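A.B. asks: Here are the chains, one letter per residue:
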Amino acid sequence: MLPSLFDSTVWATLIAAVVAAVASILFLRTREFFYDALALAVTEIGLLLLAAGIVAGAITGRMTAGLWWTWDARLTAGLVCWLLYAPYLMLRSAMEEPTRRASAAAVVSILAFLDVPVAVVAVQWWLAHRSAAPGHTSGLVPASWGNILPVILLGAALAWLRLRREQRRRAADAERRTAQTI
Amino acid sequence: MRFVRQVLIVAAKDLRAEMRTKEALNASLAFALMILLLFSFAFEPTQDTMRDISGGLLWIAFAFAGTLTLNRSFARELPNDCLDGLIAAPIPGSALFLGKCFASFVLVLAVELVSLPVFGIFYNVHWTVQLPELLLVLLLGTWALTVIGTIFSALTVNIKLREVMLPMLTYPILIPALISAMQLTKDLVNGTPIGADNMDWLKMLIGFDIIFTAVSLALVETVLVG
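So the protein lines, in turn, are chains A and G.
Sequential numbering from 0 applies to the first sequence in numbering that gives the first Met the number 0.
Sequential numbering from 0 applies to the second sequence in numbering that gives the first Met the number 0.
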């Protein structure tokens with residue numbers, strides 16, 4: 000289970016990244032705040048799953064090679080993608096005004112999504128050049144559909160819960176604002 | 000033609016303002032030189048070590064010093080509501096963006112061109128052996144840094160934490176460009192020309208520049224107006 004967990008979370012995270020990018024583009028086109036909440040929910044859950052996957056990958060490396068971090072190409076690329084999306088949440092918490100925050104976050108999401116394939120290829124070429132220490136295999140194995148599907152379903156369920164919570168929070172916010180104006 | 004003129008006017012305005020105060024230029028140059036000096040405490044600069052880390056050392060210094068300049072790019076327009084004036088001016092947002100890009104590009108490049116000989120002297124590296132190719136890598140890498148830095152500078156201009164947010168946003172996106180530039184610079188200062196071995200890195204750097212220039216131009220109106 001553990002050696003394939005990273006691979007499963009990668010699939011779930013890729014789906015989250017695609018949904019976030021599509022939702023961000025749709026927000027910029029329609030200015031419908033539902034898409035902004037959707038992008039936020041899937042990005043948060045994607046980051047959570049990927050973080051869990053990277054930790055599982057590091058533990059696998061420790062168990063098979065005795066090293067926490069073997070500079071495995073996939074694991075390192077995963078970490079780079081995590082760092083690509085983490086500022087998305089930081090930017091959101093640093094901005095107050097909802098419209099500006101939503102459009103700024105959408106721009107970051109689109110730029111990060113376009114960078115994912117480039118960054119993954121760059122990390123892989125770089126580590127191929129570097130030729131990691133011989134004898135240190137990361138111990139990661141590809142996941143089967145039996146492993147991937149539960150993680151995707153878990154991610155979808157968490158994202159749905161997060162989306163509902165975000166929408167409730169926004170509805171409460173809107174009511175408070177109306178009350179204040181009155 | 001009109002568009003080119005608008006871009007040049009914005010770039011000239013920024014460069015003129017910078018030349019009068021030199022606030023970003025001086026800070027950025029001092030910072031780059033300081034990083035180059037600080038690195039000498041971290042390791043013994045022997046011939047072998049330098050062969051391996053020259054590219055990384057240079058580009059880390061450039062990227063760090065560059066963000067100081069890029070931070071000022073839009074923040075400079077905040078006093079007296081100059082930014083609102085620029086956005087309301089009868090020029091497209093893409094012209095404003097490209098103008099700011101060119102101005103920062105010139106400033107960052109100037110800092111790099113001063114740091115490079117200093118780096119050569121400090122660490123005894125013969126950086127002139129492949130000068131034209133090295134300049135090409137410098138131009139492409141700096142353009143990647145300025146395009147990404149300028150779009151995020153515009154995005155974070157109204158945030159209180161903008162000095163913190165800009166590097167947080169810029170460096171992860173820049174990773175492919177930085178890896179390419181580091182590998183190419185390392186090869187070039189060690190006398191390895193650009194050939195079959197490292198051509199892929201050059202292609203990646205050019206591709207990165209094209210993709211992110213195009214996307215930034217497409218998104219800049221959203222970034223500026225909200």
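Please keep in mind that the hints were generated in silico from the structure rather than gathered at the bench.
Only a predicted model underlies this, so the values are computations on that prediction, with no experimental measurement involved.
We put the CB at the ideal spot given by N, CA and C, even for glycine.
It cannot be assumed that every hint is accurate.
Unchecked claim - Partial list, derived from the structure: chain G residues whose beta carbon lies under 7 Å from chain A:
1. V156
2. L160
3. P166
4. I174
5. V222
6. L223
What the hints assert, rightly or not - Reference listing, derived: stretches of chain A covered by chain G, where coverage requires no fewer than 3 residues with Cβ under 8 Å from a Cβ of chain G:
7. 76-89
8. 105-111
9. 114-121
As the list claims (entries may be wrong) - Computed beta-carbon distance windows for the label pairs:
10. E95/A x G206/G: 35 to 41 Å
11. E31/A x L37/G: 20 to 26 Å
12. T29/A x L36/G: 23 to 29 Å
13. A170/A x A11/G: 38 to 44 Å
14. M33/G x R28/A: 43 to 49 Å
15. T63/A x L77/G: 49 to 55 Å
16. G65/A x A213/G: 44 to 50 Å
17. L37/G x L148/A: 35 to 41 Å
18. T221/G x L148/A: 32 to 38 Å
19. L112/G x F33/A: 45 to 51 Å
20. R28/A x I120/G: 33 to 39 Å
21. N79/G x T29/A: 49 to 55 Å
A.B. asks: Each of the hints needs a verdict: does it hold here or not?
C.D. replies: So, going through the hints one by one against the coordinates:
no. : hint                        : result
1   : V156                        : violated, 10 Å
2   : L160                        : holds, 5 Å
3   : P166                        : violated, 10 Å
4   : I174                        : holds, 5 Å
5   : V222                        : holds, 6 Å
6   : L223                        : violated, 10 Å
7   : 76-89                       : holds (count 6)
8   : 105-111                     : holds (count 6)
9   : 114-121                     : holds (count 5)
10  : E95/A x G206/G: 35 to 41 Å  : holds, 37 Å
11  : E31/A x L37/G: 20 to 26 Å   : violated, 49 Å
12  : T29/A x L36/G: 23 to 29 Å   : violated, 52 Å
13  : A170/A x A11/G: 38 to 44 Å  : violated, 50 Å
14  : M33/G x R28/A: 43 to 49 Å   : holds, 46 Å
15  : T63/A x L77/G: 49 to 55 Å   : holds, 53 Å
16  : G65/A x A213/G: 44 to 50 Å  : holds, 46 Å
17  : L37/G x L148/A: 35 to 41 Å  : violated, 50 Å
18  : T221/G x L148/A: 32 to 38 Å : holds, 36 Å
19  : L112/G x F33/A: 45 to 51 Å  : holds, 50 Å
20  : R28/A x I120/G: 33 to 39 Å  : violated, 54 Å
21  : N79/G x T29/A: 49 to 55 Å   : violated, 35 Å
In the structure shown, a violation is registered for the earlier hints numbered 1, 3, 6, 11, 12, 13, 17, 20, 21, in ascending order.
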